[in-house]
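**Q** From first to last, the protein sequence lines are chains V and E. Note that this note's numbering numbers the first sequence so that position 60 is 56, with each residue one more than the last. Here this note's numbering runs 2 ahead of the position in the second sequence, where the first position is 1.
Hint data in this document are derived by calculation from the structure and do not stem from the laboratory. Among these hints, one or two may not hold up.
Residues from chain E that keep clear of chain V, each with C-beta distances beyond 12 Å, as calculated [unchecked claim]:
| hint | residue |
| --- | --- |
| 1 | L78 |
| 2 | A101 |
| 3 | K336 |
Quick look at which bits of chain E chain V covers, simulated, 3 or more residues with Cβ under 8 Å [said to hold, decoys possible]:
| hint | segment |
| --- | --- |
| 4 | 351 to 364 |
| 5 | 370 to 379 |
Once the Cα atoms are required to be at most 27 Å apart in a straight line, the calculated DSS-like pairs of lysine-lysine come out as [stated by the list, open to error]:
| hint | chain 1 | residue 1 | chain 2 | residue 2 |
| --- | --- | --- | --- | --- |
| 6 | V | K13 | E | K286 |
| 7 | E | K391 | V | K20 |
| 8 | V | K75 | V | K96 |
| 9 | E | K391 | V | K123 |
| 10 | E | K126 | V | K13 |
| 11 | E | K40 | V | K123 |
A virtual CB, placed ideally from N, CA and C, is assigned to each residue, including glycine.
In case you want the letters, here they are:
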Amino acid sequence: MSDLRELYQQVILDHHKRPRNHRKLEDANRTAEGFNPLCGDHVYLYLRLEDGVVRDIGFEGTGCAISTASASMMTESLKGKTEAEVRALFDKFHDLVTGKSAADADPASMGKLAVFAGVREYPVRVKCATLAWHTLRAALEQQKEAVATE
Amino acid sequence: MNAAGSTLTTHRDRRIPPFDVARVRRDFPILGQKVHGKPLVYLDNAATTQKPQTVLDAILRYYTQDCSNIHRGVHLLSERATQSYEDSRSRVKRFIHAADEKEIIFVRGTTEAINLVSQSYGRKHVGPGDEVLISAMEHHSNIVPWQLLCQESRATLRIIPMNDRGELLLDAYEKMLGPRTRIVAVTHVSNSLGTVNPVRRMAELAHRWNACVLVDGAQAVQHIMVDVRELDCDFYAFSGHKIYGPTGVGILYGKTKLLEAMPPYQGGGDMISSVTFERTTYNKLPHKFEAGTPNVEAGIALGAAIEYVEALGLDKIADYEHELLAYATEAISKIDGVRIVGTAREKASVLSFVLEGIHPHDVGTILDQEGIAIRTGHHCAQPVMEFFKIPATARASLAFYNTRQEIDALAAGIRKVLEVFR
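Taking the hints into account, I'd like the entire structure generated from these sequences.
**A** Have a look at this one:
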């Protein structure tokens, strides 16, 4: 159970049950769709970007606890951030869940997102945690094609 | 002993498994291991089955004693390998009760078998305005090849509907058939729902319109006795690795008359009688459809797998699995918050379920920590998921080496999932 609790931390379960910013943004100027064909996770991301700053962000979709919580916590962490800051956070998050920064990362700099460090012990679940983030990047780049985490 | 006691004894006797599961399990070396410190509970048999020692021995024997190419060597090794390979073909023929060895084509798996039929038979017989019928519960491998064919031939792909239990609607099917129906392709047992379809009746109805019938037997041959002549299907496809054999080999059965009239699927060595730059004469059946060096060891080992299944007896296997599925269905459905997906009256092996508010992927990860291997996802049957308005299911699929204790472990694992998510 202790191992599982590393993955399914209370924060994650809470965001799964009550996802934040779980709504469509009517005035979004960046949107993207992402899906994980293997497990059926599906996310739509809505972003309002003004002067290079994330003013508002929301998401819809269906997914597992990890992907839903990741999307929810991602939206919380991005409001008010510049595009450059968002991209930097994408890289840090990616390193965090893939374990690339296992030894030297400073989890504190990730804020609440550090709870996703447990995902690295479950390689097949990494794409669940990163789906929303990949979709975010696609939205920033105004990619037309849906993102698939394969 | 009083009357009640003796009744109880009789009742128990009837429930004794028809074969010794503990002994059977010892034939499968992989089953003895631990996963995350817990005994492995392998319930992903619809994805692939484990292999008995005799199958592993057959592979090793080929590589340590007989390794050579088949159908061409004059030397002893090639002779032995060819003999083993062809013995395997004969065994498959007897196993599915085909009329002749030449009706048994070795392919890579069910997927290739279906593609072969759609590309060779389909291209020849399906034209603009024609119709191909498949069912609402097909695996992607029995959908996409027909979509490709229909796009290319400007034909229409039509879907035989099903009810909420996951049973095909035969009345609707009968009405869909007509003079434009060229092919009916249907699964014998659904990989996502476990439904056993009435393929014999379906073939009979299709034949009234001279339509050709392909049965996808990937989830059937390992669970129920198949007699292709009794079913009267025109083609029957299955995979070796789902019937305790190796990956990379499968079987396409086809009626001789149809196979003989079909153009080759792939060109190459072994499928020819003579080649000049002007003209090639094709080899006779079954070799016409077997271009190139096949997966020799897998073909041989498939024979060993079928031999193993036959020694246990498919009737005994079916009885035991049927009882185990009933036990599992009861054990799982009485857990609060669980919904079984696929409740057909005729089912084999498959128990698909969803937990309220919990994604199957999370279920799969937590069960894995308990040593329990199940499949989670859409099972390559996205239209089925769409029908039931769910993104995915968790699927436990049983084999004869599974036990009641393993089902109990699964039930306990599901309760643990609920606990984590409470």
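**Q** Please name the hints from earlier in the document that this structure breaks, with their numbers sorted from lowest to highest.
**A** Those not satisfied are hints 6 and 10.
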